[in-house]
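Engineer: Throw the hints in and build the complete structure from the sequences for me.
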Amino acid sequence: MTLLATSGLTKRFGGLAAVNGVDFSAEPGEIIGLIGPNGAGKTTFVDLLTGVQLPTAGRIKFRGRDVTQLASHERSRLGLARTFQIPRPFAGVSIRENVMLGALFGRAGRDVGMAEARALAEQALQRVGLAGQGDRATGTLTVAGRKRLEVARCLAADPTLLFFDEPLGGLNPTEVKEALDLIRALNASGVTIVFIEHIVSAVISVSHRIFVLADGRKLAEGTPQEILANQTVQRAYLGDVKGAVNRSRAARQRRAG
Amino acid sequence: MKVDVLTLRRAGDGDKRLSSVAQPLLILLCVAGAMALLPLVLGPYGLRVATTACMYLALAQSWNLIGGYAGLVSLAHPAFIGTGAVAAAICLINGLPIAVAALVALALSLSIALLVGAPTLRLQGHYFVVATLLVSEALRNFVLNLDAFGFQGGVSVNIVSHVGVSALGSEAYNRFFYHLMLGLAIAAMAVVLAFDRSRWGLALRTIRDNEAAAAALGVAAARLKLVVFLLSAGMASLIGTASAFWIGTVETNDAYSLLITFEVIVMVFLGGKGTLWGPAIGVGFVLLLNEVIGVEFAEVTQVVSGLIVVLIVLFQPEGLMAALTEGPKALSLRRLRENVRRYRVS
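From first to last, the protein sequence lines are chains F and V. One point on numbering: in numbering that gives the first Met the number 0, the residue at position 205 of the first sequence is 204, and numbering is uninterrupted. One point on numbering: in numbering that gives the first Met the number 0, the residue at position 288 of the second sequence is 287, and numbering is uninterrupted.
Any given hint could be a false lead.
Said to hold, decoys possible - A few chain V residues facing chain F, derived, Cβ under 7 angstroms:
| # | residue |
| --- | --- |
| 1 | 204 |
| 2 | 205 |
| 3 | 208 |
| 4 | 211 |
| 5 | 214 |
| 6 | 216 |
| 7 | 218 |
| 8 | 219 |
Bear in mind the hints are in silico, worked out from the structure with no lab data behind them. Note that CB positions come from ideal geometry on N, CA and C, so glycine has one too.
Structural biologist: See the structure below:
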């Protein structure tokens with residue numbers, strides 16, 4: 000059975016349609032790379048799927064249930080989790096407490112007690128490679144550490160479908176490799192993954208299927224090989240090499256500044 | 000799931016959690032027990048100061064829930080304190096029993112909190128502050144112009160003869176209200192303790208840091224904020240009622256006074272917002288300061304105590320609580336320079 004499906008999903012901000020009539024589906028066990036030029040509507044699309052924003056039109060079905068109008072926290076309890084493009088650690092509480100929140104509130108069905116949440120948090124921290132750091136403050140983490148913390152928080156909620164918004168941004172090559180290994184390991188443990196990413200080589204190496212958005216519409220969809228060979232995608236996204244280099248340089252400067 | 004069970008069964012883990020509530024609760028009960036005996040050693044003036052301290056502590060903790068834990072600087076507190084006082088007074092002069100009066104006032108305050116909270120809790124930062132300030136001032140003006148149920152807004156109402164304990168001698172009367180305020184203060188501390196160590200306290204702290212991220216992890220943020228706002232309002236209303244009964248007169252401008260709420264906010268920030276013991280330290284510090292300076296330099300009390308508060312906040316914005324846990328370096332010159340850099344408006 001299809002895990003997640005959207006039909007005609009649309010989000011308008013005044014005259015601008017950031018997401019425009021998108022039909023998307025994810026099957027259980029997939030890793031789907033979501034790519035597209037800057038401003039294509041990728042983050043807005045994930046916001047719609049996770050309930051951070053509500054759509055102007057269209058429907059979202061998750062495990063056969065219509066979740067279009069459900070609030071963010073209700074979708075989380077159904078098994079949808081996400082990380083944010085810019086990690087948002089809760090600075091006022093410890094690393095362990097950050098993760099405990101997912102175990103306490105994000106799980107479906109029964110209530111999890113504090114002691115059990117602590118144990119689940121420890122497990123989740125171990126899975127992302129932050130074992131033994133639970134007592135520290137989030138401020139001590141590097142960018143890569145913060146991204147791992149976001150993943151651990153999601154894992155503690157025991158998600159079925161996990162969205163990553165640019166999990167590799169700001170990471171050095173070693174960290175990128177570790178992050179990709181983590182994504183593969185999570186997928187091997189049964190979590191379906193949808194991730195937005197700009198590093199094309201990484202998307203191609205890890206995705207089973209790639210979904211391309213441009214100007215809020217679906218541009219193409221297929222296996223990594225099909226997408227690489229697709230002329231339309233090359234023009235819209237990969238073709239303008241000079242432009243892409245300038246954009247990434249500008250983005251680096253923005254981040255550095 | 001095997002690891003799960005193993006970790007859960009690991010010896011000591013459960014005990015540690017228990018002690019995290021049991022220890023402060025024990026301290027709290029011991030302090031309460033000792034304070035309950037204070038009337039034996041205090042004269043009328045001392046008892047009055049102690050009653051005031053308990054009232055401020057209860058108010059500080061009620062504000063700490065919404066302002067400290069939830070991080071929402073609410074100026075709606077005067078609306079709830081005032082309604083607690085005025086509505087209970089109106090009930091009393093119309094012949095209702097004292098408990099019914101308190102409950103009617105509580106119900107009214109909670110209704111106002113629900114009406115006000117539903118729309119304003121969606122607001123961010125300063126917008127919330129201004130919106131709640133307007134609510135307090137609007138309600139004060141409404142009550143000032145109220146002329147119903149034998150109540151004329153601007154005229155002070157004497158309710159002392161209606162308060163059931165008025166037949167008591169002055170010593171017993173003072174002792175009764177000291178114990179009432181002490182009970183409210185301890186209850187407020189217990190509510191905050193329960194929150195502090197629970198999943199809800201954790202959820203509130205994460206909402207304060209980032210509401211969208213907390214919601215994405217399953218926290219029903221809007222509902223939780225509303226519940227805390229109601230809890231805080233209900234506590235404020237009960238304290239307002241109790242202090243009206245204690246003083247024996249109700250005057251609208253005093254009951255809805257912003258000044259008391261400002262004092263309470265200063266106490267919470269000074270001691271440490273969003274902590275269990277911080278507000279208690281803040282209340283003790285400010286009242287002690289006022290007592291000490293008030294006697295020697297009565298005419299400059301406000302100026303001097305204001306200056307001291309400003310100095311402490313400059314050195315330690317997290318409050319005296321942080322200074323206690325961190326030691327003397329929390330009040331060092333280096334920390335002052337760091338804070339000035341961190342909080343500078345640029």
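Engineer: Please flag the earlier hints that this structure goes against, numbers listed from lowest up.
Structural biologist: none
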